[in-house]
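If you want the building blocks of each chain, they are given just below.
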Amino acid sequence: MEWGPLLLTLKLAILSTFFLVILGIPLAYWLAYTKTKIKPVAEAVISMPLILPPTVLGFYLLLAFGNSGFLGNWLNEVLGIQLAFSFTGLVVASVIYSLPFMVQPIQSGFSNLPDNLREASYSLGKSKFTTFSKVLLPNIKTSLLTGMVLTFAHTIGEFGVVLMIGGNIPGETRVASIAIYDEVEALNYASANRLSLVLFVLCFAILLLVYLINNGKRFWR
Amino acid sequence: MILCKFQKKLKGASGEMLLDVKFSLKKGSFTVIYGESGAGKTTLLRMMAGLISPDKGNMKVDEKVWLDTPRKFELEPQKRNTGMVFQDYALFPNMTVEENLKFASGSKNNKSHLEELISITQLNALRNRKPSTLSGGQQQRVALARALVRKPGILLLDEPLSALDHSIRGKLQDYILRVHKKFNLTTVLVSHEPGEIIKMADHVLVLENGTITKEDKPTAIFTKNKLSGKFQFTGEVLEVKPEGVVTILSILIGRNVIKVICMEEEVKTIKAGDQVLVASKAFNPVVQKI
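Chains S and P, in that order, give the protein sequences.
For my numbering, add 373 to where a residue sits in the first sequence, where the first one is 1.
For my numbering, add 1 to where a residue sits in the second sequence, where the first one is 1.
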């Protein structure tokens, strides 16, 4: 059994989820409470990965990240970061690709909280930040958990984007879904089967855990 | 002295409406904003708290400017010395009763004041409970205590009792009156219950379609013929029972049921369930030391 691709997949999923938590919470907060006119545009951009074929997204990212692309060139020259066909590039692509899965649940979590909670906190002299961290965030734990699990699971299941931007470099970009495809192409069914079964069980276990937690609300309240 | 002058275009259920009000409140007074739903009562209260910005307006509290739109000045809600109680309580669900109060007190943790509030609102037994496990009346007591933790000068109450049933209402009215007097608050209550208003307020602003149409003492507004009665209570008629020439009314005042003998003429329009004012001229009351 080859554990490399599986470990790489887990590493990618954990890192992507971590960065998405940091990025997704402020973004969702802004979307939930902003009155700006460009909100629909921002929402559309963030939600694009939901419907855009992963290959299209991967293709554009490849163009942008590649050394001939403006962004890729600048990153390579100035910071010495190579995004195309590298693990770092995979993380960046995953973050973009899974962004709506993190932002949407959190945004709706914020929107569903009664406005009175915020106002009560303001009228008690609390700043926006204190209100956010002590009142709003603790009351959308379930949405946060949903966002985290969805992005984690979504990253595990990623295929098209990874293939386009990362290729199939063992130990660097060869995640489990790619490895499975590779083994099948090589008619190596037994190996593909083993990897598939692990992913299958893993995904089921994650979702089961979420539903168990959500049903036993005591844990979260 | 609190001076308010607000103007704001509102989009209500019945189309656009201009809220245009000007009023002053005496320090230590208990004022009720009375009016039909949709008249702009809640908006008015929220403007005082700084939660809604008026299009145009001024607000001054004891010579301190809170709002001056021509000069583009608006004091944030955080810096206003107000305590707000919301209709649906707005307790923080992630905190226990005690944590809700402590959150309000923040770093300036004045323990004796906190304990005093807990004892006035009788929350001692509930302090470790989460809001979701409390009844409506209990939640509103927490909300009232929480609004007072920071020792506000102005207490704003947005229909705090409308979701509660009758017996609990009376009790909460007493709590509110008690803290109003004890902490020398200037209180503004949004209400549309004449009985409640006569019991609690010393001043009423009648709001109709965004403007103040009447402003007076509660009894002057809610009783058509002025009485010189010295004892006045409001209550609910439980039973109207004709007995020959006279009629006996059973009236619930507070928690007491009293029976009043009336002439048939007087009670023609009164039926069970009506809110009534009971007044007596005070030439020979019984006074007893207790």
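These are computed hints drawn from the structure, not numbers from a lab.
Please note that a few of the clues may not be correct.
Below are the DSBU-like pairs computed for lysine-lysine, each with C-alpha atoms no more than 30 Å apart in a straight line [stated by the list, open to error]:
id: 1; chain 1: P; residue 1: Lys61; chain 2: S; residue 2: Lys410
id: 2; chain 1: S; residue 1: Lys501; chain 2: P; residue 2: Lys272
id: 3; chain 1: P; residue 1: Lys61; chain 2: P; residue 2: Lys260
id: 4; chain 1: P; residue 1: Lys57; chain 2: S; residue 2: Lys507
id: 5; chain 1: P; residue 1: Lys112; chain 2: P; residue 2: Lys57
id: 6; chain 1: P; residue 1: Lys183; chain 2: S; residue 2: Lys408
id: 7; chain 1: P; residue 1: Lys57; chain 2: S; residue 2: Lys501
The calculated label-pair distances, taken between Cβ atoms and stated as ranges, are [to be verified]:
id: 8; chain 1: S; residue 1: Leu423; chain 2: P; residue 2: Asp56; range: 54 to 60 Å
id: 9; chain 1: S; residue 1: Ser500; chain 2: P; residue 2: Ser163; range: 40 to 46 Å
id: 10; chain 1: P; residue 1: Gly16; chain 2: S; residue 2: Ser500; range: 36 to 42 Å
id: 11; chain 1: S; residue 1: Phe432; chain 2: P; residue 2: Lys10; range: 45 to 51 Å
id: 12; chain 1: S; residue 1: Asn588; chain 2: P; residue 2: Pro71; range: 23 to 29 Å
It should be emphasised that the depicted structure is a prediction, and the values quoted were computed from it without experimental measurement.
Here a beta-carbon is modelled for each residue, glycine too, at the ideal position from N, C-alpha and C.
Under the criterion that the straight-line Cα-Cα distance not exceed 30 Å, is the pair Lys57/P, Lys507/S satisfied?
-> violated (33 Å)
Starting from Lys183/P, check that the Cα of Lys408/S is at most 30 Å away, please.
-> violated (42 Å)
CB-CB spacing for Asp56/P and Leu423/S relative to the 54 to 60 Å hint | violated (40 Å)
Are Gly16/P and Ser500/S spaced within 36 to 42 Å by their CB atoms?
-> holds (37 Å)
When you check the alpha-carbon spacing of Lys57/P and Lys501/S, does it fall within 30 Å?
-> holds (25 Å)
Lying within 45 to 51 Å: is that true of the beta-carbon distance Phe432/S to Lys10/P?
-> At 50 Å between Cβs, range holds.
30 Å limit on alpha-carbon distance, applied to hinted pair Lys501/S and Lys272/P | Status violated; Cα separation ~52 Å.
Is the straight-line distance between the alpha-carbon of Lys112/P and that of Lys57/P 30 Å or less?
-> violated (40 Å)
CB-CB spacing for Ser163/P and Ser500/S relative to the 40 to 46 Å hint = violated (31 Å)
Is it true that the CA of Lys61/P sits at most 30 Å from the CA of Lys260/P?
-> violated (48 Å)
Given the hinted pair Lys61/P and Lys410/S, is their alpha-carbon gap at most 30 Å?
-> violated (34 Å)
Cβ distance range 23 to 29 Å for Asn588/S and Pro71/P, holds or violated | violated (57 Å)
Hint compliance for this structure: hints 1, 2, 3, 4, 5, 6, 8, 9 and 12 are broken, all remaining hints hold.
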